[in-house]
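At position 89 of the sequence shown the residue is numbered 115 (the numbering used here), and the sequence of numbers has no breaks.
Think of the hints as simulated: they come from the structure by calculation, not from any bench. Take the hints with a grain of salt, since some may be wrong.
As the list claims (entries may be wrong) - In silico lysine-lysine, DSS-like type, Cα no more than 30 Å apart, as pairs: (1) LYS142 to LYS166; (2) LYS320 to LYS333; (3) LYS242 to LYS199; (4) LYS242 to LYS200; (5) LYS283 to LYS169; (6) LYS169 to LYS242; (7) LYS242 to LYS166; (8) LYS133 to LYS193; (9) LYS169 to LYS193; (10) LYS193 to LYS299; (11) LYS51 to LYS88; (12) LYS242 to LYS193; (13) LYS253 to LYS97; (14) LYS48 to LYS88; (15) LYS142 to LYS97; (16) LYS333 to LYS193.
Unchecked claim - Distance windows between CB atoms, simulated: (17) ARG174 to SER227: 38 to 44 Å; (18) LEU139 to ILE42: 18 to 24 Å; (19) GLU326 to LYS142: 45 to 51 Å.
None of the values given here were measured: they were computed from a predicted structure. Glycine included, C-beta positions come from ideal geometry on N, C-alpha and C.
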Amino acid sequence: MYNSKNTTIYIQVYCIINLLHKQNKLDLYSKVYILSIVENILYIYHYISYNKAKLTMIDFNKIVNKLWKMKWEFIDIDDISDIVDPDFRKKSLSKRSPTYKVLYRLKGNNIILPIKQGLYYIPENADINIEGIIEDSYWKIIKKVLSREVQGEYFISGNKALEILMKDYSAPKKLIVSGQENTKNLQISDTYSLSIRPITSGKKTGNKNIYSLFKKYTDSLEIDGEKVRIACPELALLDTLLLRDTDNGIDQYLIEKFLKRSSKILRREVLGKLVSMKYITALNRLRSIAKDMKNTQVYEMCIDIIKQEWGGCFVSGKK
27 MYNSKNTTIY IQVYCIINLL HKQNKLDLYS KVYILSIVEN ILYIYHYISY NKAKLTMIDF
87 NKIVNKLWKM KWEFIDIDDI SDIVDPDFRK KSLSKRSPTY KVLYRLKGNN IILPIKQGLY
147 YIPENADINI EGIIEDSYWK IIKKVLSREV QGEYFISGNK ALEILMKDYS APKKLIVSGQ
207 ENTKNLQISD TYSLSIRPIT SGKKTGNKNI YSLFKKYTDS LEIDGEKVRI ACPELALLDT
267 LLLRDTDNGI DQYLIEKFLK RSSKILRREV LGKLVSMKYI TALNRLRSIA KDMKNTQVYE
327 MCIDIIKQEW GGCFVSGKK
């Protein structure tokens with residue numbers, strides 16, 4: 027009867043019909059007629075099941091062909107949903123059973139390789155160094171994750187922003203970006219992590235979220251073909267002067283390197299605006315470093331901001 031399941035059902039029905047016939051509750055004609063109907067029903071069921079399976083295989087092959095056109099790209103569950111059923115995903119994000127089935131099958135056949143954070147890589151073949159791929163495509167992955175996690179509402183600041191401004195586009199082991207919402211710590215791979223943190227005004231001013239105020243002090247920059255938002259020089263410098271890592275302190279070498287190269291591009295009005303909302307301690311550290319470096323321009327700029335716009339913001343009484 028075409029498969030074991032159908033055969034079992036037919037035998038069970040045959041036994042029942044045969045028993046009824048022996049008990050004279052069913053004549054021979056009715057017995058043959060009923061068995062004929064059951065056989066036809068099972069045949070139809072088998073035919074439908076076979077063609078449904080065949081149709082699923084064709085659909086899966088179409089999905090694989092589409093993904094092959096995207097080889098060397100990074101995708102997530104939304105991208106797969108767009109391919110499997112583009113209209114359905116927009117209606118309900120909670121009912122994704124078909125997408126997950128396709129996802130597991132794609133992984134099982136090495137069509138896609140899992141990274142982390144729901145990201146997958148489409149390789150040309152399965153014999154690749156995934157960590158090397160992540161390092162080579164670092165900024166593409168970061169852009170993908172940030173687009174999904176914060177819908178583009180972010181900017182890179184602090185140490186990495188300063189490095190980028192000095193043409194250092196290498197992948198940091200830990201990238202800290204400023205965002206609009208709650209803190210998110212994401213592991214991109216065994217080596218790389220991403221921390222998205224809201225930017226607030228500080229305890230004295232009620233820890234208000236000031237992301238929208240700071241966003242205008244950012245620029246769009248292209249790195250390895252990907253456009254990312256990065257803090258302007260003044261914001262990047264002040265943010266680096268905050269204690270992000272209490273074990274290592276501030277990266278004074280990086281700050282001095284930046285000041286030697288780029289102190290002339292710093293704008294006094296921008297520094298003043300930023301310090302009026304945050305970064306009082308950072309400005310004092312900048313003043314102290316500039317003094318030790320004998321950078322008169324930056325030192326006098328800091329003193330002027332303190333006198334004119336934020337009196338009493340010295341960490342100590344010494345200038």
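*Any hints this thing doesn't respect? Which numbers, in order?*
The structure conflicts with hints 8, 11, 14, 16, 17, 18, although it agrees with all the remaining ones.
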